[in-house]
Amino acid sequence: MFGLFETGFGELTWGSIVMIAIGCVLLYLGIAKKMEPLLLVPIGFGVILVNLPLGGLMETIVGGQVVDSYAINGEPVGIISRIFRYGLSWEIIPVFIFLGLGAMTDFGPLIANPKTLILGAGAQFGVYFAFFIALLIGNAFPDLVNIGIEEACSIGIIGGADGPTTVYLTNKLAPHFIGATAVAAYTYMALVPIIQPPIIRLLTTKAERKIYMKPQLRPVSRKEKLFFPLIASIIIILLVPKSAPLVGMFMLGNLLFVCGVTDRLADTAANAFMNVLTVLLGVCVGCFMSAEAFLKVESLIVFGLGVVAFAASTAFGVLLAKFMNLFSKEKINPMIGAAGVSAVPMAARVVQRMGQKENPRNFLLMHAMGPNIAGVIGTATAAGIFLGMVG
Amino acid sequence: MAQEIIEVPITGKIISVDTNVGDEVQEGDVICFIESMKMENPILAPVNGKITDIQVAVGEVVETGKVIAIIEY
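Protein chains in written order, with this note's numbering: chain A, 1 to 391; chain B, 1 to 73.
Rather than coming from a laboratory, the hints here were simulated on the basis of the structure.
Among the clues, some could well be false.
Listed next, with one range per pair, are the computed distances between beta-carbon atoms [to be verified]:
1. G59(B) / E330(A): 30 to 38 angstroms
2. E35(B) / K34(A): 17 to 25 angstroms
3. K329(A) / G65(B): 18 to 26 angstroms
4. K34(A) / K13(B): 17 to 25 angstroms
5. F327(A) / Q26(B): 31 to 39 angstroms
With a Cα cut of at most 27 angstroms, we get these calculated BS3-like pairs of lysine-lysine [claimed, not checked]:
6. K214(A) / K357(A)
7. K38(B) / K66(B)
8. K66(B) / K214(A)
9. K223(A) / K38(B)
10. K13(B) / K225(A)
11. K214(A) / K38(B)
12. K223(A) / K66(B)
13. K38(B) / K115(A)
14. K210(A) / K50(B)
15. K66(B) / K50(B)
16. K242(A) / K13(B)
17. K34(A) / K13(B)
18. K13(B) / K357(A)
19. K13(B) / K214(A)
20. K357(A) / K38(B)
21. K34(A) / K38(B)
22. K214(A) / K50(B)
23. K331(A) / K66(B)
24. K50(B) / K223(A)
25. K225(A) / K66(B)
26. K115(A) / K331(A)
27. K13(B) / K66(B)
28. K38(B) / K33(A)
Looking from chain B toward chain A, a few residues come up when the C-beta cut is under 10 angstroms (computed) [to be verified]:
29. D29
30. S36
31. K38
32. N41
33. A45
Beta carbons are placed, not taken as given, at the ideal position from N, Cα and C, and that holds for glycine.
Isolated chain A, as found in the complex (with noise of 0.2 angstroms):
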């Protein structure tokens, strides 16, 4: 245009503003709402970057030609597109997440109190729930939407409202969803606070609610800690063997915190490492986010059933735990069955702020946080379960 060089201005299309704008509102809702902001600002940036045109983040070679979008069987060729490939396409990111994740959380409230292992796994019917309405509707419409078994299974996982483990299941199965199912997966974390609330309240009566649960958990010593991640990764992992990268990953970030002797490791995996990783994944999905891979019908479903997957989970979670009551004597609050979805601790803290509001005795952070942590088990193992059903 100016003779030296080329603008990208005259290159711009419809398609692009509009992800420009959507890159604009994800930032608004990190920044301003303080949604999940550690990863929606790197996304919607990244997001922005990429839909301007020429930049050439993601260039990749396909066939000796260049094309601007990532492809999974062509030469990445952009700074982005590589970090993509060896980040995501390889799994590294992820996986490694998971290291750091394990290096912060606290088994402690899991281990004094089994039975909520059982909750954060019933919370994962709502993946199973939603995952066959992906398939269905998917069978309804071929025409519309292109979502067959391994689209499916990538939608569902949202409904775990676990980052890390959605972005992992989908590059597996269906790498071209990687945008909408992170983005959903994340927004809905953040929107924990609004969807389950109702969800509780809809499916538990206000004397339910006001279940006292005495606050004091019992003690858990250093050697039950220690065990844990040790046993809890054998037996996963035999049971589930395809859980081995993330459940792997995770028990031994959390057996550095546990050990006592790693601190300077598991303090560099829950901290500098973390958020190297985060930042990196955050740019990576927002780059792969261009107006072709974005504005689809399929993402418009991705999002519509992941809200479907997380409200499903939620309702397990708490219907299970009512089941449970029916036959222990101790009661617990059903509540805490919504914690089994693993958005940690963003679930655990809805329920002890609904408990304390109905019951001002009630401290239910602690009870909240088993199955919270369960859930992050129990969607990284459901993952497995499906790698090992499709992949």
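Given chain A, work out where chain B should sit, using these hints.
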């Protein structure tokens, strides 16, 4: 007069004490905030009554079971 003893429900640090001895409190009023697990957790009055004793101070690290305050009603 009955007494209600409010105990620390979660190990953490007292970051503010929002009532004084002699205050009349309503059920649900904030007695103090405990920071734990990177969250600020309000401790609420379980009954309507009068605070007769407060045994924690700002900045103190408290263990589960320690008495925070006593309410008479």
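*asked:* I'd like to know which numbered hints this structure contradicts. Please list them from smallest to largest.
replied: 16, 24
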